[in-house]
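> Anchor point for the sequence shown: position 33 equals 89 in our numbering, and the numbering is continuous, going up by one each time.
Mixed in with the good hints, there may be bad ones.
[As the list claims (entries may be wrong)] Label-pair distances were calculated between CB atoms; the ranges are:
| no. | residue 1 | residue 2 | range |
| --- | --- | --- | --- |
| 1 | 92 | 64 | 26 to 34 Å |
| 2 | 67 | 121 | 45 to 53 Å |
| 3 | 119 | 72 | 44 to 52 Å |
| 4 | 76 | 121 | 21 to 29 Å |
| 5 | 72 | 135 | 29 to 37 Å |
| 6 | 123 | 65 | 31 to 39 Å |
| 7 | 135 | 71 | 34 to 42 Å |
[As the list claims (entries may be wrong)] No more than 25 Å apart at the CA atoms, straight line, and that leaves these computed lysine to any residue pairs for SDA-like:
| no. | residue 1 | residue 2 |
| --- | --- | --- |
| 8 | 83 | 62 |
| 9 | 83 | 64 |
| 10 | 83 | 65 |
| 11 | 83 | 95 |
| 12 | 83 | 68 |
| 13 | 83 | 70 |
| 14 | 83 | 102 |
| 15 | 83 | 73 |
| 16 | 83 | 72 |
| 17 | 83 | 144 |
Because the hints were derived from the structure by calculation, they are not lab data.
For each residue, glycine too, the CB sits at the ideal point set by N, CA and C.
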Amino acid sequence: MDKKATPITMLIIALIIFTILFIYLLKGEVNEQSFWLVRVLTALSAAGISMSLSGTINIGTKENIRTLAEKEPKITAAGSLAIFVIVYLFNPISF
Numbered sequence: 057m058d059k060k061a062t063p064i065t066m067l068i069i070a071l072i073i074f075t076i077l078f079i080y081l082l083k084g085e086v087n088e089q090s091f092w093l094v095r096v097l098t099a100l101s102a103a104g105i106s107m108s109l110s111g112t113i114n115i116g117t118k119e120n121i122r123t124l125a126e127k128e129p130k131i132t133a134a135g136s137l138a139i140f141v142i143v144y145l146f147n148p149i150s151f
């Protein structure tokens, strides 16, 4: 069985997530919880649309740590995982 996602599968996933998002936004209330749900569903739908890309993630740190800034791990992601992380971390409006 081919593990690549077909365009029909990606379309179905996107339609399901956008339908849930649309129904949830019909309530008209935008509070912190609903904003979080919108961010997660948007990130999931973007990752679902990009499922045909192969994904990798690497987390590492430097050997010789001299400053506090060097303590933070370097995260490298590609594919649908990267799309999810980028869309989720993009926060144009803060509540």
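> Next, verify each hint and record whether it holds.
Right, here's what the structure says about each hint:
For the pair residue 92 and residue 64, the beta carbons lie near 30 Å from each other, so the given range of 26 to 34 Å is met. Here the CB-CB span from residue 67 to residue 121 is close to 46 Å, well matched to the stated 45 to 53 Å. Evaluation of the 44 to 52 Å hint for residue 119 and residue 72 yields a pass: the beta carbon distance comes to about 45 Å. At roughly 43 Å, the beta-carbon separation of residue 76 and residue 121 lies outside the given 21 to 29 Å, and the hint is violated.
Taking 29 to 37 Å as the suggested C-beta distance range, the pair residue 72 and residue 135 does not conform, at roughly 21 Å. Taking 31 to 39 Å as the suggested C-beta distance range, the pair residue 123 and residue 65 does not conform, at roughly 46 Å. A hinted range of 34 to 42 Å is violated for the C-beta pair residue 135 and residue 71, which are about 22 Å apart. At roughly 33 Å between alpha-carbon atoms, residue 83 and residue 62 are farther apart than 25 Å, so this suggested pair is violated.
Only pairs whose Cα atoms come within 25 Å are accepted, and residue 83 paired with residue 64 is rejected, the gap being roughly 30 Å. Restraint check for residue 83 and residue 65: not satisfied, since their Cα atoms lie roughly 28 Å apart, outside the 25 Å limit. Under the criterion of a C-alpha separation no larger than 25 Å, the hint pairing residue 83 with residue 95 is consistent with the structure, at around 17 Å. Restraint check for residue 83 and residue 68: the C-alpha separation of about 24 Å stays at or below 25 Å, so the hint holds.
Proximity of residue 83 to residue 70 is assessed by CA-CA distance (about 21 Å); at most 25 Å being required, the pair is judged to hold. Restraint check for residue 83 and residue 102: the C-alpha separation of about 23 Å stays at or below 25 Å, so the hint holds. Taking the CA atoms of residue 83 and residue 73, the gap is about 16 Å. The hint holds against a cut of 25 Å. With a C-alpha separation of about 18 Å, the suggested pair residue 83 and residue 72 falls inside the 25 Å cut-off, and the hint holds.
Only pairs whose Cα atoms come within 25 Å are accepted, and residue 83 paired with residue 144 is accepted, the gap being roughly 22 Å.
Hint compliance for this structure: hints 4, 5, 6, 7, 8, 9 and 10 are broken, all remaining hints hold.
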